[in-house]
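Sequence order for the protein chains is A and B. Under my numbering, the first residue of the first sequence carries the number 1, and numbering increases by one thereafter. Under my numbering, the first residue of the second sequence carries the number 1, and numbering increases by one thereafter.
Mixed in with the good hints, there may be bad ones.
Facing chain A, according to a computed beta carbon distance under 8 Å, are these residues of chain B, among others [claimed, not checked]:
hint	residue
1	Leu33
2	Pro36
3	Gly47
4	Phe50
5	Lys86
6	Met371
No farther apart than 27 Å at their CA atoms in a straight line, the calculated lysine-lysine pairs in the DSS-like style are these [what the hints assert, rightly or not]:
hint	chain 1	residue 1	chain 2	residue 2
7	A	Lys141	A	Lys109
8	A	Lys47	B	Lys396
9	B	Lys395	A	Lys109
10	A	Lys25	B	Lys390
11	A	Lys141	A	Lys177
Don't read these hints as lab results, they were simulated from the structure. Backbone N, C-alpha and C define an ideal beta-carbon position, used for all residues, glycine too.
The primary structure of each chain is shown beneath.
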Amino acid sequence: MSIISQAAIVLLIVLTIAIISYANKGLRYAQEEGEHFVDEWALKQAKIEEQKRRIARERTRSKEISHSKNTKQTEGSGNSHVTGDAPQKNTIHKIISRYRLTVRDEEKKVICMADVDHYPYTIGRDRSNDLVLDDIYVARKHCVILEEEGQTILRNLGSQNAIYVGGKQVEEYLLQKEGHFYIGTYEIIVSETGHRSQPTRVTL
Amino acid sequence: MSNKHLKRGLTPSGVPTGERISWECQRAFYSCLRSPVLAVIPLQIAGMLFVSPKGAGQIYLDLLPLLVLITVASVFFVCLVQGNQKILLLTMILLTVGTMLQSLFKAEYIAKNPEKSSGRSLTLGLQLQYIAALLLAVLTGFLYWNLRECSSLKMAEFLTIVSLFLSVFTLIFAKSVGNVRNWIVIGGFSFQTTELIKLLYLFISAALLGTVERPRKGRLVWFYLISFIMMGFLVVQSEFGTLLLLLMVFMTYLFLFVPDLKIFGITAISMGVFSGFLTFLGIRMERWAATGSSLGTNPLARKYIANFQKIANRVIYWMHPEKDPLGQGYQLIKARESIVLGGWFGTSSVTDLPVKTSDLVFPALIQRCGMIFALLVFLVFILLWLEGMKVCLRKKDKYHRMMAVGLVSMFFNQSIIIIAGSTGLCPLTGITLPFISSGGSSLVVSFMLMSLLLCISGNISWKGQSSEEIEFFEKSTNCAKRVFAFGHRHVRGLVPDIRSGARSLTGSGSAKSRSKAGGV
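Next comes chain A alone, as it looks inside the complex (with noise of 0.2 Å):
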């Protein structure tokens, strides 16, 4: 008689293990079914909300062009920078090169695409940067890409951890067609997408 309660015990022991392991296993899945299905409510609202916010921030930009177009003709300066997404006429026009960035985490995910529209463009830890990295690695103000005589430099604003471009520390990288560097875990991939800076164009 106890022979069997300990051969049941035996048993208990191991289908208990199966048991947890197989639901592991196998809830994995159930459990993705059931955020499958949250995440198609927060797909539904996110895209309620993007189109939103669309359509505030081209309202806003309506509003910001009319009011460039009054103040830029006035000053009439060859300073001012200019975003390449809308080019306006008749102001003094330089179309600068632009830049595109692609992050990648360490898993070579891509995490996001910036471009470089305007210079200076921080890159940090803060939110007050153009570009913001989120991780213990990447200062608070990292790095800057800067024009200099024509030509596109990232520089370090004296962080400890440096930017990284084929396993060196450096202090400057000049961007060019392609090329990637690396700012704490993140991976970043310079491509180009505009034009390189052609003759400043006067359009009246």
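Following the hints, position chain B against chain A.
Below, chain B alone, put in the same frame as chain A:
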């Protein structure tokens, strides 16, 4: 107007329409059929093999259909609210182990006192407990989903009054079991009110602190006041196990949900000083009583000395149970004996272990099933704690977070305290091991606790969703049907990859956490 609402899947009052409910039920049905939690049923049947050679086969057979029914019903409900099925699975394993043990104890009891065994009436009590626990658990979950007001301050007021009333009622009318007065007997059914009070405490404190981002001074003062009043009532009832539990949850809440760490530090230090003072006072009073001065012999002092000696004896005989082997140290010595007897794989020899159905259930488990199985049960408790904490991390709402943390820590602390106490790692206190100890009120409250946790982990909200979306529910039902027919891997291609889209919209951070939660 009504037409528009019907399109949205909601009636004007915000209740889901019949069509939506039918779709949801279908979806739950199909995903329930494939649910891995149903794998517990073979375990429950295999329990029969373990139990029947020891002569408890008939009793376990009476309870087995109920166990299976509870499993299937709870899987259905969890699928309906898209809850965390791992929590359910672990709970069901615990319940199965508990049922096995309780039927063994019943059989031993009948073998000892054959004149008291009057056929089915013994198992009838257990069956009634299980049914009542299931019904109350479903009711609790339903109320939690539908009563939005449970987080309001008015509700907190109401619950405070209820719990104070219960405490006072217990003090006046309670029947004492083993010098602890906390049993209320109403028409043949006895109920332990402290079990309910500790659940109410969670609701009250979550409503006070969880509904605002930074709780102000007034709320904090109320929180302190209510906590200490409740603990005071527990002290008067000399129920120190539950007091310890409430104290732990109180400190957890202070640490996690009050932004000022200073408050936590001051409270902890002052509590330490206060308990030191109480110990000093106890020793002093014993001396006064020995000299016969009126300071040590008035009734208040006598009560104080009795309680103090109770706690002091617990500590003393925890360190040296062999000092009084037939009195205060008897339980602990017997517990050690049964642990040694049990060995790795358990034994069939029966010793005379006191309170084996409630307090010393863990040594009894080791004796019957062996150390390895007992360790597995302990592992199940730890896994439950982990899953509960995951629920808390996934929730964005502070109220739900607070409820989840409270429920999980209460459950886990309780099991840790009693397991450590009964195996001799810390002083023994008289609380029950949830789901495994006998006792109707403990079982009912554990069921309610778990149903609340599962409801909190649920991903669906029945109210307040305003989208077009009968089609949505239809689609998800069809998806569940396809999963049922073909399995997950084959359906993946058919479902549009919404998660990646959601990821790109919500940002990388949440995607990371989500993938972690999914275990990908």
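Now for the hints, and whether the structure bears them out:
1. Interface hint at leucine 33(B): violated, since its Cβ lies 12 Å from the closest Cβ of chain A, which is beyond the 8 Å cut-off.
2. For the restraint placing proline 36(B) at the interface with chain A, the shortest Cβ-Cβ distance is roughly 4 Å, inside the 8 Å limit, so the hint holds.
3. Among the interface hints, the one on glycine 47(B) holds; its C-beta lies about 7 Å from the nearest C-beta in chain A, closer than the 8 Å criterion.
4. The restraint placing phenylalanine 50(B) at the interface with chain A holds, with a minimum CB-CB distance near 4 Å, inside the 8 Å limit.
5. Interface hint at lysine 86(B): satisfied, since its Cβ lies 6 Å from the closest Cβ of chain A, which is below the 8 Å cut-off.
6. With its C-beta approaching chain A no nearer than about 11 Å, methionine 371(B) sits outside the 8 Å limit, and its interface hint is violated.
7. About 24 Å separates the Cα atoms of lysine 141(A) and lysine 109(A), which keeps this hinted pair within 27 Å; it holds.
8. Distance hint between lysine 47(A) and lysine 396(B) is fulfilled; the C-alpha atoms sit about 20 Å from each other, no more than 27 Å.
9. At most 27 Å may separate the alpha-carbon atoms for a hinted pair to count; lysine 395(B) and lysine 109(A) meet this at roughly 26 Å.
10. Restraint check: the Cα-Cα separation between lysine 25(A) and lysine 390(B) comes to about 17 Å, which is no more than 27 Å; the hinted pair holds.
11. Pair hint lysine 141(A) plus lysine 177(A) holds up; C-alpha atoms about 25 Å apart against a cutoff of 27 Å.
Checked against the numbered hints given earlier, this structure breaks hints 1 and 6; the rest are met.
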